[in-house]
Amino acid sequence: MLAYYLHLGLRSLRRNPILTALMVLAIGIGVASSMTTYSIFRAVSGNPLPEKSAQLFAPQIDIWGPQSRAQGRDLPDSLTYTDAVALMREHKAKRQTAIYPVAFTAIPRDASSEPFAVSGYAADADFFPMFNVPFIYGGGWDASQDEAHAAVVVISNQLNQQLFGGANSVGRTVHLDDHDYQVIGVTADWNPRPRFYDLNNSNGFTDAPDFFLPFTRAVDMQTYTTGDNNCYGSAGRKPGFEGWLQSDCVWVSYWVELPDATAAHAYNNYLEAYAAEQNRAGRFHWPPYVTLQNLTQWMDYEHVVPPETRISLLLSLGFLLVCLVNTIGLMLAKFMRRAGEIGVRRALGASRREIWTQFLAEAAMVGLSGGLIGVVFTGIGVYGIGLVFEPDIARLAHVSAYLIGLTLLCALVATLAAAFYPTWRAAHVQPAWQLKSN
Amino acid sequence: MQIQPILAALRKHKAGTVLIALQIALTLAIVCNALFIIHQRLAHIAEPSGVDEANVFVIENMWGEQYNTQQAAANVQQDLVTLRNLPAVQDATQSDSYPLSITSGSDNFITLKADQIEPTTDATVYSGDEQFVRTLGLKLIAGRDFRADEVQNAGQRDVVVPAVTIISKALADRLYPHGDALGKSFYSMSSTPVTIVGIVETMQRSRLGAWSMPYAEQSMVWPLRDASPLGVFYIVRAKPGELAAAMQEAPKALYATNRMRIINPKDGLLSFAQVRHRAYDSDRGMAILMGLICMVLLAITGAGIVGLTSFWVGQRHRQIGVRRALGATHRDILHYFLTENLLISLGGVAIGIVLTFGLNLWLVTRFQLGIMPLAYVLMGVALLIVLGQGAVFAPALRASRVPPIEATRPA
Numbered sequence: 001m002l003a004y005y006l007h008l009g010l011r012s013l014r015r016n017p018i019l020t021a022l023m024v025l026a027i028g029i030g031v032a033s034s035m036t037t038y039s040i041f042r043a044v045s046g047n048p049l050p051e052k053s054a055q056l057f058a059p060q061i062d063i064w065g066p067q068s069r070a071q072g073r074d075l076p077d078s079l080t081y082t083d084a085v086a087l088m089r090e091h092k093a094k095r096q097t098a099i100y101p102v103a104f105t106a107i108p109r110d111a112s113s114e115p116f117a118v119s120g121y122a123a124d125a126d127f128f129p130m131f132n133v134p135f136i137y138g139g140g141w142d143a144s145q146d147e148a149h150a151a152v153v154v155i156s157n158q159l160n161q162q163l164f165g166g167a168n169s170v171g172r173t174v175h176l177d178d179h180d181y182q183v184i185g186v187t188a189d190w191n192p193r194p195r196f197y198d199l200n201n202s203n204g205f206t207d208a209p210d211f212f213l214p215f216t217r218a219v220d221m222q223t224y225t226t227g228d229n230n231c232y233g234s235a236g237r238k239p240g241f242e243g244w245l246q247s248d249c250v251w252v253s254y255w256v257e258l259p260d261a262t263a264a265h266a267y268n269n270y271l272e273a274y275a276a277e278q279n280r281a282g283r284f285h286w287p288p289y290v291t292l293q294n295l296t297q298w299m300d301y302e303h304v305v306p307p308e309t310r311i312s313l314l315l316s317l318g319f320l321l322v323c324l325v326n327t328i329g330l331m332l333a334k335f336m337r338r339a340g341e342i343g344v345r346r347a348l349g350a351s352r353r354e355i356w357t358q359f360l361a362e363a364a365m366v367g368l369s370g371g372l373i374g375v376v377f378t379g380i381g382v383y384g385i386g387l388v389f390e391p392d393i394a395r396l397a398h399v400s401a402y403l404i405g406l407t408l409l410c411a412l413v414a415t416l417a418a419a420f421y422p423t424w425r426a427a428h429v430q431p432a433w434q435l436k437s438n
Numbered sequence: 439m440q441i442q443p444i445l446a447a448l449r450k451h452k453a454g455t456v457l458i459a460l461q462i463a464l465t466l467a468i469v470c471n472a473l474f475i476i477h478q479r480l481a482h483i484a485e486p487s488g489v490d491e492a493n494v495f496v497i498e499n500m501w502g503e504q505y506n507t508q509q510a511a512a513n514v515q516q517d518l519v520t521l522r523n524l525p526a527v528q529d530a531t532q533s534d535s536y537p538l539s540i541t542s543g544s545d546n547f548i549t550l551k552a553d554q555i556e557p558t559t560d561a562t563v564y565s566g567d568e569q570f571v572r573t574l575g576l577k578l579i580a581g582r583d584f585r586a587d588e589v590q591n592a593g594q595r596d597v598v599v600p601a602v603t604i605i606s607k608a609l610a611d612r613l614y615p616h617g618d619a620l621g622k623s624f625y626s627m628s629s630t631p632v633t634i635v636g637i638v639e640t641m642q643r644s645r646l647g648a649w650s651m652p653y654a655e656q657s658m659v660w661p662l663r664d665a666s667p668l669g670v671f672y673i674v675r676a677k678p679g680e681l682a683a684a685m686q687e688a689p690k691a692l693y694a695t696n697r698m699r700i701i702n703p704k705d706g707l708l709s710f711a712q713v714r715h716r717a718y719d720s721d722r723g724m725a726i727l728m729g730l731i732c733m734v735l736l737a738i739t740g741a742g743i744v745g746l747t748s749f750w751v752g753q754r755h756r757q758i759g760v761r762r763a764l765g766a767t768h769r770d771i772l773h774y775f776l777t778e779n780l781l782i783s784l785g786g787v788a789i790g791i792v793l794t795f796g797l798n799l800w801l802v803t804r805f806q807l808g809i810m811p812l813a814y815v816l817m818g819v820a821l822l823i824v825l826g827q828g829a830v831f832a833p834a835l836r837a838s839r840v841p842p843i844e845a846t847r848p849a
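If you read the protein sequences in the order shown, they are chains A and B.
Residue 300 in our numbering sits at position 300 of the first sequence; the count goes up by one each step and never skips.
To convert a position in the second sequence, counted from 1, into our numbering, add 438.
Think of the hints as simulated: they come from the structure by calculation, not from any bench.
The structure presented is a predicted model; accordingly, all values stated were derived computationally and were not measured.
Treat the hints with care, since some could be wrong.
[As the list claims (entries may be wrong)] Examples of chain B residues toward chain A, derived with CB under 10 Å:
no.: 1; residue: Ile-458
no.: 2; residue: Ala-467
no.: 3; residue: Gly-502
no.: 4; residue: Glu-503
no.: 5; residue: Asn-546
no.: 6; residue: Val-597
no.: 7; residue: Met-698
no.: 8; residue: Leu-727
no.: 9; residue: Ile-738
no.: 10; residue: Gly-745
no.: 11; residue: Gln-753
no.: 12; residue: Gln-806
[Said to hold, decoys possible] Listed next, the in silico DMTMM-like pairs over lysine to aspartate or glutamate satisfying Cα-Cα at most 20 Å (straight line):
no.: 13; chain 1: A; residue 1: Lys-94; chain 2: A; residue 2: Glu-147
no.: 14; chain 1: B; residue 1: Lys-704; chain 2: A; residue 2: Glu-390
no.: 15; chain 1: A; residue 1: Lys-238; chain 2: B; residue 2: Asp-553
no.: 16; chain 1: B; residue 1: Lys-690; chain 2: B; residue 2: Asp-705
no.: 17; chain 1: B; residue 1: Lys-704; chain 2: A; residue 2: Asp-207
no.: 18; chain 1: B; residue 1: Lys-704; chain 2: A; residue 2: Glu-114
no.: 19; chain 1: B; residue 1: Lys-607; chain 2: B; residue 2: Asp-560
no.: 20; chain 1: B; residue 1: Lys-704; chain 2: A; residue 2: Asp-392
no.: 21; chain 1: B; residue 1: Lys-690; chain 2: A; residue 2: Glu-114
no.: 22; chain 1: A; residue 1: Lys-92; chain 2: A; residue 2: Glu-277
Ideal Cβ placement from N, Cα and C applies to all residues, glycine included.
Whenever a hint applies, use it, and build me the whole structure from the sequences.
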């Protein structure tokens, strides 16, 4: 029977090609615009480390006092060097790392190649196991090398290609800014997006870092951060690198791994005790105020999803809604025009259920065609999205089987929902009245 | 034209009427808000930078060797001489950032008293020498430029607080609203005061994120030579019409004097047009996207009205015939459908105005969008009514051509 209904539906759709085309196009365009903006939204708001996001936390400490939060400002989103080093030393979490972005000039071995700029992070040994960094050769350094301020470096697969042609370079030397570093590991392509551990410095969607080196070593080398350095107050500070380290300027990202809620609670208490102790020591002159947020909370806090992405998604969904209202109107017109036909079928014994099946089958065909058109438009949309969003973010969107499936499903469900009222009306046509008027 | 019979007829098509009205209402809400977003973004894009954009370009120069402050300063001076000697170059200067840079630059809190805890405002700080104002083409409207003897070297994160500064008019007006900022002083994250010796008409900030909206166009120049071991920006002004030539010779000449430097092939050399393009990327994108949504939405709504009205005309063939037979003219029938559409549209925009402000208020609370002026809604209302009348015209015309003989045919 369904095959017969599909046949009937096809005939009916062919009878008003323009009306049909209008419905299919409206569904297609509405779904495509929503899917295109959704693909961006999904890429931007995705969890970069789902297996560990509930165990990774970023602490904040009120270092500047309540006055600094006037005019809508919030707690600083990174730590001072002093606090980061103190928390590292006390080592109260399962794993912890201080992080800051650095840039060097890489000088290739053979003199004919030009020096080039590389960027990466100074971090502690726990960085690699904490964030599940994959390696193709070697591995990260260990805590003893942190303490020894060792001149070791973990390089990315890409930098390894560039410098060593992709060979196992563990044990070889890299020349960065006039200093030699021994390669201890080569990471596989690893670039979680958004780069949750650097949201205080970047939008989180930049190219993968080239290298990692021990935090202690980077500070020894007097390496400045290439990220944000926020200072507060008019007290000024002592000159030079030492002055900067001792200042109340914040520039160190800090992450801890806490396996469960109890550990998180205990760490929060520890942070409060730490701040209270700074208060007693005369460094802070205000009640202790700390926060501890997990990875997903941190992404919200740092507004990792740009407002443009949200507004676009929202207006696209509104657009889809208008397309659906449009489709309801057109379908209603189309179905009710066949009141006579329905009357005859009902009089000949078709139940309401049969009418429902017949018209929903027709709607499903419209929905599927709309979905197919929608897939084409979504493809065009994703391809052209670079015109609309920042390149860093636009390139995250791509057409996948998931997106195609979702587009088709969305078109089908939306059309069936839109067809609900017109079909209900069709099923409630009074056969007697129709037959009489004819 | 009698409205009563039209309303009576519409009551027979409740669902269709409500659907068209609803579609018009939703379209109005989305289009008005989208147009408002477009307007805001375009206004942002159109803000002047104060720079002579047609002739200025920027080189991001990173050093390939580790220099101390003195070496770095000497290298920068040598490079500036090289750049100024190029035939297509008019002026060259150095800085740690430049207006609209968005990837570099620093901001300082500003207070009016030394012991003030809460900042008065916030401004971008550029380090600039006595050539800075001239090279960028900034317009000095009060006071004077820096003297060569006021400019000092500043290494990376050196704490150098100069005695004098040149600030933008926006900052001057913020600090001293009575127009008497020249010669006055303020404190900028230090306990020693800085005196305002010059005011330039416009000098845009380096970073333009949403957080900086309250500090729009507030910036200042400190008389410093950037001697950071990392690198420096060279801001170069080409002779009029010779920008392309200057941009081609400049990196070659720099590499010829000293190879140990990196000018990133991707974005190390940018004309100011490229700088502006990059700075307003997301604003432009948003305006394009909203424009597309508006156009397609209006097209779909228009097409929907055409489709539904055509259907109604088909359905009422016989009634139209009867009216024509009873003496209604072509014009009467045409007016009937136009008026019918007008009534539905008016109902739609009435709901739409409420939806528009609702959506706007929601966007205001969620995205700091700004309250929409009434003019936008009126414009949107006019747009949708014209669209409705335009869309209904063709089917209405077809209806008016229904011959009176239709009255005698069975339905």
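Run the structure past the numbered hints and jot down the numbers of the failing ones, going up. Failing hints: none at all.
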